[in-house]
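Engineer: Read off the chains here:
2 protein chains.
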Amino acid sequence: MKTKLSLLALVSILGGPLSGAETNAPTNDWKPCPSNQAGKQYPQYNSEGRVKFRIVASEARSVGCTFRDSSEFSKGEDGAWYGYTRPLDEGFHYYAIKIDGAEVPDPNSRYFYGSSRWGSAVEIPARDRDFYALKNVPHGQLREVYYFSKSSDKTRHIYVYTPPDYDKDASQRYPVLYLQHGGGEDETGWGRQGHTGWIMDNLLAEGKSKPFIIVMENGGVSGPRPTNATPAGAGPGARGAFNFSAFEKVITEDLIPYIDANFRTLSDQPHRAMAGLSMGGMQTRSIAPAHLDKFSHIGVFSGGSIAVTNITDMAKFKEQVKLVFISYGSRELGTNRVGGRGFGGDPKENTAALKTAGVNAVFYESPDTAHEWLSWRRSLREFAPLLFKD
Amino acid sequence: MKTKLSLLALVSILGGPLSGAETNAPTNDWKPCPSNQAGKQYPQYNSEGRVKFRIVASEARSVGCTFRDSSEFSKGEDGAWYGYTRPLDEGFHYYAIKIDGAEVPDPNSRYFYGSSRWGSAVEIPARDRDFYALKNVPHGQLREVYYFSKSSDKTRHIYVYTPPDYDKDASQRYPVLYLQHGGGEDETGWGRQGHTGWIMDNLLAEGKSKPFIIVMENGGVSGPRPTNATPAGAGPGARGAFNFSAFEKVITEDLIPYIDANFRTLSDQPHRAMAGLSMGGMQTRSIAPAHLDKFSHIGVFSGGSIAVTNITDMAKFKEQVKLVFISYGSRELGTNRVGGRGFGGDPKENTAALKTAGVNAVFYESPDTAHEWLSWRRSLREFAPLLFKD
Numbered sequence: 000m001k002t003k004l005s006l007l008a009l010v011s012i013l014g015g016p017l018s019g020a021e022t023n024a025p026t027n028d029w030k031p032c033p034s035n036q037a038g039k040q041y042p043q044y045n046s047e048g049r050v051k052f053r054i055v056a057s058e059a060r061s062v063g064c065t066f067r068d069s070s071e072f073s074k075g076e077d078g079a080w081y082g083y084t085r086p087l088d089e090g091f092h093y094y095a096i097k098i099d100g101a102e103v104p105d106p107n108s109r110y111f112y113g114s115s116r117w118g119s120a121v122e123i124p125a126r127d128r129d130f131y132a133l134k135n136v137p138h139g140q141l142r143e144v145y146y147f148s149k150s151s152d153k154t155r156h157i158y159v160y161t162p163p164d165y166d167k168d169a170s171q172r173y174p175v176l177y178l179q180h181g182g183g184e185d186e187t188g189w190g191r192q193g194h195t196g197w198i199m200d201n202l203l204a205e206g207k208s209k210p211f212i213i214v215m216e217n218g219g220v221s222g223p224r225p226t227n228a229t230p231a232g233a234g235p236g237a238r239g240a241f242n243f244s245a246f247e248k249v250i251t252e253d254l255i256p257y258i259d260a261n262f263r264t265l266s267d268q269p270h271r272a273m274a275g276l277s278m279g280g281m282q283t284r285s286i287a288p289a290h291l292d293k294f295s296h297i298g299v300f301s302g303g304s305i306a307v308t309n310i311t312d313m314a315k316f317k318e319q320v321k322l323v324f325i326s327y328g329s330r331e332l333g334t335n336r337v338g339g340r341g342f343g344g345d346p347k348e349n350t351a352a353l354k355t356a357g358v359n360a361v362f363y364e365s366p367d368t369a370h371e372w373l374s375w376r377r378s379l380r381e382f383a384p385l386l387f388k389d
Numbered sequence: 000m001k002t003k004l005s006l007l008a009l010v011s012i013l014g015g016p017l018s019g020a021e022t023n024a025p026t027n028d029w030k031p032c033p034s035n036q037a038g039k040q041y042p043q044y045n046s047e048g049r050v051k052f053r054i055v056a057s058e059a060r061s062v063g064c065t066f067r068d069s070s071e072f073s074k075g076e077d078g079a080w081y082g083y084t085r086p087l088d089e090g091f092h093y094y095a096i097k098i099d100g101a102e103v104p105d106p107n108s109r110y111f112y113g114s115s116r117w118g119s120a121v122e123i124p125a126r127d128r129d130f131y132a133l134k135n136v137p138h139g140q141l142r143e144v145y146y147f148s149k150s151s152d153k154t155r156h157i158y159v160y161t162p163p164d165y166d167k168d169a170s171q172r173y174p175v176l177y178l179q180h181g182g183g184e185d186e187t188g189w190g191r192q193g194h195t196g197w198i199m200d201n202l203l204a205e206g207k208s209k210p211f212i213i214v215m216e217n218g219g220v221s222g223p224r225p226t227n228a229t230p231a232g233a234g235p236g237a238r239g240a241f242n243f244s245a246f247e248k249v250i251t252e253d254l255i256p257y258i259d260a261n262f263r264t265l266s267d268q269p270h271r272a273m274a275g276l277s278m279g280g281m282q283t284r285s286i287a288p289a290h291l292d293k294f295s296h297i298g299v300f301s302g303g304s305i306a307v308t309n310i311t312d313m314a315k316f317k318e319q320v321k322l323v324f325i326s327y328g329s330r331e332l333g334t335n336r337v338g339g340r341g342f343g344g345d346p347k348e349n350t351a352a353l354k355t356a357g358v359n360a361v362f363y364e365s366p367d368t369a370h371e372w373l374s375w376r377r378s379l380r381e382f383a384p385l386l387f388k389d
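Read top to bottom, the protein sequences are chains E and R.
Just so we're aligned: the first sequence equals residues 0 to 389 in numbering that gives the first Met the number 0.
Just so we're aligned: the second sequence equals residues 0 to 389 in numbering that gives the first Met the number 0.
Here chain E stands alone, though its shape is the one from the complex:
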């Protein structure tokens, strides 16, 4: 808190990039965002990474958006309201439109589940967007699947990505990655805003990854509230949600048996991986090491790291774990935010120590991104080629 205040004070004294940018007119090279609804010209992005909105609200007193440090919205010649953001990171950001005290989805954007609601998000095409682009390559399928979970006593909704050739050869069996979303998100996240299918299709077309099945569950299974309440503001998925035992039961007792019975999997430990982002990363480093008979590959994206001191039986760990992959957006590192230095130790140092201890541990830093989907799309791109290598 002290650091933050000092930084703000410094920026204010020196006239930092933030306040400076707000007084200059934005660069006038706006283009419609790829996250818009079909045919919609707004929101638009420009080469600075700003996003400009157009909202029709003829009788409104004030219009705005939830991005901090945005310009004031004002009426244009056509009577619609216009406003724009500060320069944002490339990639994908959730937001809402504010109209006279209401916070509503932008009628021009497509909708995504995040921040614990279906609502708007905007995509600013990244320089390296090619790896998650829809191309004319062989495509896998994203399958919407319902199965009955005994431990949660309900029919649950999951997505399963099957690689392009899955239906071609009924004798081939595949490894499986269980891939989890973040807090306030759900099982739709990796398939929609994560572009999991297109990332895998492109990696496979380039021969960069082995084909495997990806299973996406909803990790927000409500479990018993921990006796020691989680500290407020402990990051996404807080509010006492950090007890993962109910989800642990679902994945190990219901989901894995269902997938192995209904898809052509290689169902042994060497061919099963778990990974997740943010809260999903915490779930992964909580659940996978506790079930080393089931998982051999572990991926934690912006969700902390695994310290050598947390591994009770290093010999067993090295024998059973084929990969520990830890990643972060560069802007998260060294901060006190989720997964930064203050969150279970410096993730880069922890991962280096794992490697020194003889674990196949890999650290990836996504350039110029924070706690956001571009970090996680890139993490999947880096993680997938390391899976199931023998």
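Worth flagging that the hints you see were computed from the coordinates, not collected in a lab.
Treat each hint with caution, since some may be false.
One copy or two, it doesn't matter: identical chains are merged, so the pair holds either way.
Unchecked claim - Only pairs whose alpha carbons sit at most 35 Å apart, straight line, appear in this in silico DSBU-like list of lysine-lysine:
#  : residue 1 : residue 2
1  : Lys-39    : Lys-153
2  : Lys-134   : Lys-153
3  : Lys-39    : Lys-149
4  : Lys-321   : Lys-51
5  : Lys-51    : Lys-153
6  : Lys-167   : Lys-207
7  : Lys-74    : Lys-153
8  : Lys-209   : Lys-153
9  : Lys-149   : Lys-248
10 : Lys-248   : Lys-30
11 : Lys-248   : Lys-134
12 : Lys-388   : Lys-248
Based on these hints, arrange chain R on the given structure of chain E.
Structural biologist: Just chain R now, kept in the frame of chain E:
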């Protein structure tokens, strides 16, 4: 127009049901709608079929919704705005919220593609909702599939429903139904608001239908504009969109070969059906009869009918067409609206005449519904058991 005015005048003089209902307080048995976002208490429905909204907009001058004849919205004790609709038909209805001249999605509802936009819709549980409920029965999969279409020179996005046992026995092959959405909707419609998967899962669990694959494409393929412009107000999908030749090419030249090459289909004419709702029904009765070498079963839901006089070779038609299924919501019949009496002749009479001519023609009337999804869910429930009977 004349008829409408007279009816309105009459209602006004006699104090008809519409104006009467508006002066009485709505029945106070409100329950959250099943179409709400998880955890949202509003919108709510009551036993009269009214829907009540709650919108937080502290500084707004006026709030409302797009349902005609709704109550005025006013601020409740909690400072939020409340308002409710007239009694609506059971089932599914698109709407938007109005805030000071803006038309936006309701932040409390889930979102659907219809009326040519992603936006809000509300579900009022129907008395017969059991047939489209999610149950603990074997479930098929709804698969998101991309394929390259030469005729439209682009990668296209479709959904494919595969029945519950599809992955169990690699030797079994299945018939295929091509199922089209309405104007202003897209390939997501039948899977989301149509509940196609749950309807089929339930029919199959009860042994009421043969298992078959269902393919859902986007029928809004832009084709050459017809030289005679379509009359304005000709129904959903108007604006010159009634030339289906581009979509006809996509389905017959690209989609069917792709599906037959990539799914375990029975690829002969007796095992291929086409059906659609509204614009999709018009596409069906335009495309299927022109390709009787490809389609044997035809379903038209609220999209007109097939007159005996439109069939040039009745002997051939009777030989090749195993079923003509025509359906309507009861409130559509006898009106001048899409598919009503003024739209290619009375559909019930046309279908009876087909039957007299020796065609296996079936007419279904959905009770107490109009041009809306409950009519079409029921139509699928009635249509599916008649398909591929030998």
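Engineer: Is it within a copy, between copies, both, or neither that the alpha carbon of Lys-321 lies no farther than 35 Å from that of Lys-51?
Structural biologist: neither (46 Å within a copy, 55 Å between copies)
Engineer: Between copies, within a copy, both or neither: which fits Lys-149 and Lys-248 at Cα up to 35 Å?
Structural biologist: within (9 Å within a copy, 47 Å between copies)
Engineer: Within a copy, between copies, both or neither: which one fits Lys-167 and Lys-207 at a CA-CA cutoff of 35 Å?
Structural biologist: both (20 Å within a copy, 30 Å between copies)
Engineer: 35 Å Cα cut-off: does Lys-134 pair with Lys-153 within a copy, between copies, both or neither?
Structural biologist: Answer is between: at 10 Å across copies they meet the 35 Å cutoff, but 37 Å inside does not.
Engineer: Go through the copies and call it for Lys-39 and Lys-153: within, between, both or neither, with a Cα cutoff of 35 Å.
Structural biologist: This pair counts as between: shortest inter-copy Cα distance 20 Å, intra-copy 39 Å.
Engineer: Pop the pair Lys-209 and Lys-153 into one bin, within, between, both or neither, using alpha-carbon distances up to 35 Å.
Structural biologist: Result: close both inside a copy and across copies, 34 Å intra and 27 Å inter.
Engineer: How do Lys-248 and Lys-30 come out at 35 Å by Cα distance, when the copy is not named: within, between, both, or neither?
Structural biologist: Between copies only: 32 Å across, 47 Å inside.
Engineer: Within a copy, between copies, both or neither: which one fits Lys-388 and Lys-248 at a CA-CA cutoff of 35 Å?
Structural biologist: within (28 Å within a copy, 44 Å between copies)
Engineer: Checking Lys-74 and Lys-153: alpha-carbon separation at most 35 Å within a copy, between copies, both or neither?
Structural biologist: neither (50 Å within a copy, 38 Å between copies)
Engineer: Please sort Lys-39 with Lys-149 into within, between, both or neither, judging by C-alpha distance up to 35 Å.
Structural biologist: Between. Shortest inter-copy distance 26 Å satisfies the 35 Å Cα cut-off; intra-copy 44 Å does not.
Engineer: When no copy is named, should Lys-51 and Lys-153 be tagged within, between, both, or neither for a Cα gap of at most 35 Å?
Structural biologist: So Lys-51 and Lys-153 pass the 35 Å test across copies only (29 Å; inside, 43 Å).
Engineer: For the identical chains here, do Lys-248 and Lys-134 meet the 35 Å Cα criterion within one copy, between copies, both, or neither?
Structural biologist: between (38 Å within a copy, 22 Å between copies)
This entry does not satisfy hints 4 and 7, going by the numbered hints stated previously.
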